[in-house]
Every structure is written in structure tokens, then in C-alpha cells.
Amino acid sequence: MKEPREIEINSRADTLKPRPWPVTPPPSKEDVAKIYARRKAEEFGKFMEEIVGFEHAYGKAEALQGLKVLDVGIWRLSNSFASSLLAEMGAEVVKVEPPGGDPLRELTPFGRDEYKLADAASGEPCGLDFIAEMRNKYSVTLNLESAEGREIYKKLANQADVVIENYPPGQFDEWGIGYRQISRTNPRVIYAWVGVHGQWGPMKDKVSKFGQWMLDPFGQAACSFIHNTGFPQDLLPRGGGGDPTRSGVWIADYVAGEQAAVDILAALYHREEVSGKGQFVEVTAAEALMDILDFDIAWYGFNGSIKSRTGGWDPNLNQYAWNPCKDGYMMIGGQTDRLWYRINMCIEKEIPQFGRLIGEDPFLKEIAARNAFEALTKTYTLTTMWLRDNTRAQTEKKLMAYDVAAGPVMTIDEVTEFPHFKYRPWVNLIEDDSYGTLMYAVPPNAFQYRTPARVKWMGRPLGKDNSEIYMRYLGLGNEELGQLKEKGVI
Amino acid sequence: MGDVRNVCLEDLPGPSSQAELEAEKVSYEEYCRQLFAPGREFEKPEALKGVRWMSCTMYIFTPHAVANLAELGAEVIKIETPRAGEPMRHTSPFNEAYLYPMHDSRPNTGTGFGYMNANPNKYNITLDYHRPEAQEVFRRLVTVSDGLTECYRPGTFDKWKQSYRYVQEINPRFIYVWGGGFGYGPKTFGASYDILGQAHAGLASVTGWHEDFGGHPAKHTNWIIDWYSGTQITVGILAALNWRRKTGLGTMIEFSQVQCATRALGYGVPMYGRFGIVRQRWGNWDTQLCVHGIVLCGKSDYPDDKNPQLKYDARYVAVSAFNDADFKELCAVIGRKDLYDKYKTHKERLSEYAQMDIYKTLEEWAADKSRSEVAKALTGAGLLAIPVMNDKEVYESEHFRARGTVRWQEDPTFGDVVVQGGYSTGLMSATPRRVKWIWRTLGADNMKIYHELLGYPVSQLEDWYAKGII
Numbered sequence: 109m110k111e112p113r114e115i116e117i118n119s120r121a122d123t124l125k126p127r128p129w130p131v132t133p134p135p136s137k138e139d140v141a142k143i144y145a146r147r148k149a150e151e152f153g154k155f156m157e158e159i160v161g162f163e164h165a166y167g168k169a170e171a172l173q174g175l176k177v178l179d180v181g182i183w184r185l186s187n188s189f190a191s192s193l194l195a196e197m198g199a200e201v202v203k204v205e206p207p208g209g210d211p212l213r214e215l216t217p218f219g220r221d222e223y224k225l226a227d228a229a230s231g232e233p234c235g236l237d238f239i240a241e242m243r244n245k246y247s248v249t250l251n252l253e254s255a256e257g258r259e260i261y262k263k264l265a266n267q268a269d270v271v272i273e274n275y276p277p278g279q280f281d282e283w284g285i286g287y288r289q290i291s292r293t294n295p296r297v298i299y300a301w302v303g304v305h306g307q308w309g310p311m312k313d314k315v316s317k318f319g320q321w322m323l324d325p326f327g328q329a330a331c332s333f334i335h336n337t338g339f340p341q342d343l344l345p346r347g348g349g350g351d352p353t354r355s356g357v358w359i360a361d362y363v364a365g366e367q368a369a370v371d372i373l374a375a376l377y378h379r380e381e382v383s384g385k386g387q388f389v390e391v392t393a394a395e396a397l398m399d400i401l402d403f404d405i406a407w408y409g410f411n412g413s414i415k416s417r418t419g420g421w422d423p424n425l426n427q428y429a430w431n432p433c434k435d436g437y438m439m440i441g442g443q444t445d446r447l448w449y450r451i452n453m454c455i456e457k458e459i460p461q462f463g464r465l466i467g468e469d470p471f472l473k474e475i476a477a478r479n480a481f482e483a484l485t486k487t488y489t490l491t492t493m494w495l496r497d498n499t500r501a502q503t504e505k506k507l508m509a510y511d512v513a514a515g516p517v518m519t520i521d522e523v524t525e526f527p528h529f530k531y532r533p534w535v536n537l538i539e540d541d542s543y544g545t546l547m548y549a550v551p552p553n554a555f556q557y558r559t560p561a562r563v564k565w566m567g568r569p570l571g572k573d574n575s576e577i578y579m580r581y582l583g584l585g586n587e588e589l590g591q592l593k594e595k596g597v598i
Numbered sequence: 005m006g007d008v009r010n011v012c013l014e015d016l017p018g019p020s021s022q023a024e025l026e027a028e029k030v031s032y033e034e035y036c037r038q039l040f041a042p043g044r045e046f047e048k049p050e051a052l053k054g055v056r057w058m059s060c061t062m063y064i065f066t067p068h069a070v071a072n073l074a075e076l077g078a079e080v081i082k083i084e085t086p087r088a089g090e091p092m093r094h095t096s097p098f099n100e101a102y103l104y105p106m107h108d109s110r111p112n113t114g115t116g117f118g119y120m121n122a123n124p125n126k127y128n129i130t131l132d133y134h135r136p137e138a139q140e141v142f143r144r145l146v147t148v149s150d151g152l153t154e155c156y157r158p159g160t161f162d163k164w165k166q167s168y169r170y171v172q173e174i175n176p177r178f179i180y181v182w183g184g185g186f187g188y189g190p191k192t193f194g195a196s197y198d199i200l201g202q203a204h205a206g207l208a209s210v211t212g213w214h215e216d217f218g219g220h221p222a223k224h225t226n227w228i229i230d231w232y233s234g235t236q237i238t239v240g241i242l243a244a245l246n247w248r249r250k251t252g253l254g255t256m257i258e259f260s261q262v263q264c265a266t267r268a269l270g271y272g273v274p275m276y277g278r279f280g281i282v283r284q285r286w287g288n289w290d291t292q293l294c295v296h297g298i299v300l301c302g303k304s305d306y307p308d309d310k311n312p313q314l315k316y317d318a319r320y321v322a323v324s325a326f327n328d329a330d331f332k333e334l335c336a337v338i339g340r341k342d343l344y345d346k347y348k349t350h351k352e353r354l355s356e357y358a359q360m361d362i363y364k365t366l367e368e369w370a371a372d373k374s375r376s377e378v379a380k381a382l383t384g385a386g387l388l389a390i391p392v393m394n395d396k397e398v399y400e401s402e403h404f405r406a407r408g409t410v411r412w413q414e415d416p417t418f419g420d421v422v423v424q425g426g427y428s429t430g431l432m433s434a435t436p437r438r439v440k441w442i443w444r445t446l447g448a449d450n451m452k453i454y455h456e457l458l459g460y461p462v463s464q465l466e467d468w469y470a471k472g473i474i
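Quick mapping for you: the protein sequence lines, in order, are chains A and B.
Under the numbering used here, the first residue of the first sequence is numbered 109, with each subsequent residue one higher.
Under the numbering used here, the first residue of the second sequence is numbered 5, with each subsequent residue one higher.
By construction, these hints were calculated from the structure, which means they are not laboratory data.
Hints may be right or wrong, so weigh each one.
Reference listing, derived: stretches of chain A covered by chain B, where coverage requires no fewer than 3 residues with Cβ under 8 Å from a Cβ of chain B [stated by the list, open to error]:
| hint | segment |
| --- | --- |
| 1 | 159–170 |
| 2 | 234–247 |
| 3 | 257–266 |
| 4 | 417–423 |
| 5 | 451–464 |
| 6 | 493–503 |
| 7 | 583–595 |
Note that CB positions come from ideal geometry on N, CA and C, so glycine has one too.
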């Protein structure tokens, strides 16, 4: 039988209607004050909302005010995310695109152009991944393949504090505009190359013989992340989920991007405090992701173990997993004895045999012994017996009463409607000049006393800031820009 | 250039010294290798020299935020519960990988590998905040530090009179970071873990196979989102240090882990906001590029190995040929030119049914080949493909060894260990990151910090130790 839906979708046209958000209003301050009061933290809660509350963010200073950043990367999210983090903190980020635009502008899920957004002025469509990572950035066009374009680029780079670049290894050096050359005229430059495997070394980044770039998940594949993620073939059939699994997003790019931002800011600290000089930074998706793969490689060095996949479970902790429940999947976590027995008390109330089989099992009483594979299977089998009769909301409420970390696996629409997300807010709407009202993920650094991160605009039409930036940086007037445009330089 | 009589030699383009001339002659590859000089990190200065940070942290998320600082040269003091230490010291995969001892007085207890990578270069001291004596010690530490990172539930440090409300009065330059699950708001007391962040933020719902293909949401291996979120705290800390350099003002940062994975959803959020379309899982394929996914091959590269991870799972290749020319070549390599005729444009290839068709065809072609045969056939034709590497292959990879990002190193406490983190978070030419030690035993630096830094007499420490305060 067809499930009844709130909104009928009969054709693709029906899917293109904007939805109201939020559907239900967020909880009020009074409601939340009552929650603080439950643990006698009313005063502290009020203090926190006053000093780090999002509503005050836009009235505060910006931490990276005055920092000039060039993002000359295309295609990937790593360079974009790095420059986004700096832009959210107040740096002036200029995105230098080829005259045809960053190819990322073209990407749209399943090739559906109707999910691109048209710029209000020119009607030029642009993909949403690009728009989401173009926050607070200016867009200029420049043809680096022309000698004249490279001369202009040198002048831009000579004024930059930070250059973020991601072209294939040696490309910029060959063009005479790489770190080797720019650092000579601008010794204060902090120059970050952000790639997939590296710009040097036996497995360095390649392009195909037709010029196609290497993109994520090549970073995920090269550091054992994919091998270690997903369900084992004893839980799901191979080819249908029981395989090594890539992340649903370009996660290695995001990880490389944020590490690039960290290294850039550390280099900035060193430049300002000590040396007065910039430096060359190289961050790769594969290595940045390998850094955060816990101990996986070290474990192989320790005793030759190759990590296997464990699906929604965890080989180090019990309980610490999501499992199917009545209306989706529910995550329950609590490794320490205190939480282990609290979960036990909660489930036992409805499934008495849980207490007998899990709580009283002598083998499961020892914290580390609970991580054996048989122990995981037994624990989660009985937990799922309880979960199958409970919805995510019910389980969350019941477990929260015992102070157990519990959270539903939520789809994106549910995320945006979750009361806590709406209250802070973690997703928000912004009126964008070019692309209308957009929903965006609020920067996690937006909750600060002095210098919160913030988003001022989202996408940017291609070359929108040519006249402003070229005037401000190079003193080029509109007439000269017109000539350059005619020659295909910008 | 203007009047040639005014030109200085140094201003002319080209190398200005013999050394620069030599540098220009070397190939770019060699230039990079010399500039980053893996293995010679300790000959160079540290970026954050002189920054002192208190790490009142547990698990991965907040320890990693501070580990980044420690790798970059900050002096980080990690405070743990006396005798027991933090939970990750007792966490190890399948209870098998430990380094001994955990503590001088507990020679038979080791520290589990769960502690790895999140605590390098830190000084480890112990302190029980519950004791009244701890307050004065804590305040002295705040006075001599630049900031702290803590991860206790909201209000806990406030209850102990050591929250930002109190420390800003002792040290106005202090940067106070709270890192946790939710922060202020209706779910403020909700605890959080990496896996909860993945589930709660929507990332799990887009990773793995869709129900329609018989799949479930898959967890990013272990604690990726804890680590990923922790790094963003470091971004916040370094920006705050930059602001403090200019203004002399400290700050409070409240940072929630659950939100971080939502930030990585890319087009998912704006697409829902504008169109009400909820992004779903798409397995090992890409929603925006095709061909750009993981392909299952018929034969393993290690058919006779007794380790099932090698015998059964060394069978996957990442293949990328989304541009028209690349796809055409791919179809030629697999002997299916008709496939190219069917899907000539990228838009046609990207449709969901085309993807099912194309990847199925690729896997049929790969069914009688091993992973390395497939990768070789494709890269030999000038296309992009790479085997999905496992821990053994990453460990043995010449690439990472040459770059120094995976290396054996002698730890002062534990001897030879494999280091996979720290050096791999980015090469820096002037102030490279480094790993001095992977971790210290519990309370190893009590003497150094309490006596040598804060000036408490040794007899006092002995007394505190006997009472379990440190």
C-alpha cells in the first residue's frame, strides 16, 4: 500500500516548489530555560546565551579582518573549504576562476539542471555544491593559460597574505607563478597547495591523458578509509552494501581543507610573531584523512592487523552503534560501566530478558571484554528486539531520561526540523542577492564571545567582482578590463 | 621598469644569488622534497612556540583539537583523573593493542591504542577537580596559560567555579573553549559521540547503500567526525589567537560537534531548503559525476593469503572517467563502444538508470580480473584509477614513506612505534609539525608542571598524591 504523504509528488515539477522552513517554530527561550533549570543551570545557561548566542554574532568583530586570501583552486572542495573557513572568520577571499568558471559550478546531482540556481542578473545557472562553498568570497575571472593573465596573477599574488592553490603538480611552477617564484617577490606569502595524494612522491597526483583531474574519493581510497568503512559481507551481501564504502560526501576534501586552514593560520601566527616570512604548505586529502584514521596504520605496524569493516557498529566500544528501529535507525552510545548499566535499566523495563541475558552475563561485566565480536552480536540482537517496537523519538526520550547519549539517524529534512537545530540555529536561511533565499549550514565557529564566524552571502556569479577587485588591487579601470576581456585574459 | 639608471640588481627578474640559481635548476619534484625535507623537522622552528594550553579533555574530539596545537609546537598540559586516566586509555580494538605501562604504580595496565594520535606531545598531569584543593591549583594554571579546552557537560565547570565566568576575571587574555555535543539550547544536556554526530547531523543518511538496493546507512570508520570536528575547533582557536595578538582580548568559544557533519553535507542543505528534495544514499557511486565510483573486481590480489581482509576484500578499484573523452576511452578499454554511443554526454551518464547500467557493465568486465589488473589496464590507457588500499598497503606504500607521513619513530617511553598522524596533516616548509612522543604515561609530568612550573614544593605533591588529589 502506498504510504500517505503530507505533500504529494506526482511529477518532477512538484518537487521544485519551495517549502516553508521551519515547519514548526523552534522552542521558546522560556521552554529552554525550564530545561536548564532541571539541572540548576538557569543562570549559567542565560550567561552562555548572552555571550555566545548566535543572535549577537553579526554585531561583533571578525578575527581575520584584513587578511587577504587568493583561492586559485578549481574542481575540489578541499581548497574551497579551506578558504570558506577563512572567509567565515572575516578574511577577504578572492576566488580566481578561469574565464569559463570553476567546473564545480556545473555539477548537479544526477545531471538535473533544475536543481541549479540561476543568478538574478544574468540568469546563469550554478550548481548547489559550488554555491554552498562560495560563502563570503569574491569571484574574479583570469585566464592563467595566457601570458598576460599570468602577469596579472603575479600582481594579485604579490599582495596576498595567503594563496591557496590546487593545480596538478608543477603546473604553476612551469607557468612561473608557483611558490618558487611568488615567494621571491612576496616573501610574506603563505602558500598552500591542497591536493589528493601529493605534488611529489611516487604516487603523486595525476591527470588523465585527456586532462581530467583526480578528485575525491581518490583521497579516501588511498588512505584505507574506504576499505575500513561499510558493512562486512557477513552482514550484507557483497555488491549490495557488504562492500568497502566511500563516504556519501567528499569527506577527504573537507578534512584536507580544514587542516590546510589550520596550517595556514599557524604559519600566519609564526609570521606575525617571529619570522615576518611566509612559507610553503602542502596538504593532501589522502594524508589528512589518514592522520585521523585513529590508530589503523599503527595497528598494522603493531601486530599486522588489517582493520575490517563493522557497518554501524564499532570494534572498540560497546554499546556504540546504530541499529534498525521501528521508523529508521537509532544510535545508542555508552561504553563506561555507568552508562552500560543505565542502558540496561532502561531496556529491562520493557524487555525483562535483556536484564537477565545482558546485564547479568558475567562475561559482559568487564568493560574491555564487551568488545568481542560475539559480545557485540549478542548485545545488539537483544537491543534491536527492544528497538523494533520503539520509534526513534520514543527511544531518544526514554534513554535521555537515563542520561544516555542517544540520537536518531536523521535525514536532512529531519535535521533541519530538529528543535535544537532550529533553536540555535545550526541551519539557517539567508537572503542572497544573486540566488534568492538559501538554506545553509551555519559555521560551527559561529558561537563565540568576541569574533564569531558568520555567513554574509552564499554563491557568487562568475566574475561578478572583476571591476571592484581589479581596480582595488591593480588599479585597472573598466576600459582596460574591457580590453582584457576582449582578448580573453579575464 | 622605468629609468634603467635607478634599477637595482636585486630588482631584476631572475635569480639574485648563486643559491637561488641552483634552486631554480632543480626539478619541481626535487625542489619540493628538499624544501619539506622529511625527517629533518627538528632542525626547524615550531609555529606555535610559546603558546601554553590546558587540555581538560577526553575521548577524541577535544583532545584532537588541542593535539593540533601540540603538533604545531604549543606546550599542552593534559589534565586527567588520578589513577584511572581518561576513557580512551582503556579503549583498544578488540581489546588487543596496548602499550605498557599506563602509570608507574600500575605496571600491569597499559594504555590502549584508542589514545593514539589525539595526545601527542602533551604533558600529562593528574588532578581531581572534585577536591577543594584542586581549585587553587587550577587557578594557578589558568594564570600562566593562554587558554584551555574542556569537554565536560554544560555547567559542570561552572559548578566547580572554573568556567569562563570565573577564569576571565583571573586572566582576561584567556581563550576558553568548550567543545561538546550540543551547546546551549533544548538538548543542551545531551551527551554526544562521534557516531551520534554522524547520525544526528544527517551524514549517516547519505552514506552507504539505499534501502532500495538492500543497504543500510554506513558509519564512517571509527571516529572520523570527532576528529574532523576537532580540527575545526583548532581553526577557531588560531583565529582567536590572531585576534588576541591585535587586541589583547581573550574569548569564549562554544563549539558543538553535532553541527559539524551538517556543515559537510554540501548541496544537501540548500537543495532541501529550496526544493524540499531530501538527499538519499547512493552507495559507492557519485551523485554528481559518472563514471566516478568504486568497482568490484572478480579476483583478489592475494588469493592465497590467510587474512580474509586480503583474500576477499582486496578486490575494489576507484575508477574516474567522467569527461567525454575519458569515458570514450574507458568504453574502448572494456570493449564496449556501444556504451559510449548510448551515453555520449555527461548529463546522460549521470542519470540514475544510466549509472546502474554503466557500473554493472564495468563490473561484468572486471569479473574475471584482479584489482591490480583492472587498475593497470585503465592507468595504462591514460585513465585515472587506483586500488582501494587497505592498512597493509598504506603502511607499505613507498609514497607515504618517501614523504615521511608514515614512519617508524623511537618514542622516549615506548620505543619503536609507527606514526601515521602528525606529519601527515600537512607539510610545512618553515615550521613543520612534528611528533615528539606519542603519549606520556598517566601523571608523568606532575613534577614538571606542579613543581617546576607552578612552584609547589615536592613534599606538597607527595601529600596530594597520597590523598588522591593528583
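Here's how the hints hold up against the structure:
no., hint, result
1, 159–170, "holds (count 4)"
2, 234–247, "holds (count 6)"
3, 257–266, "violated (count 0)"
4, 417–423, "holds (count 7)"
5, 451–464, "violated (count 0)"
6, 493–503, "violated (count 0)"
7, 583–595, "violated (count 0)"
When each numbered hint is compared with the structure, violations occur for hints 3, 5, 6 and 7.
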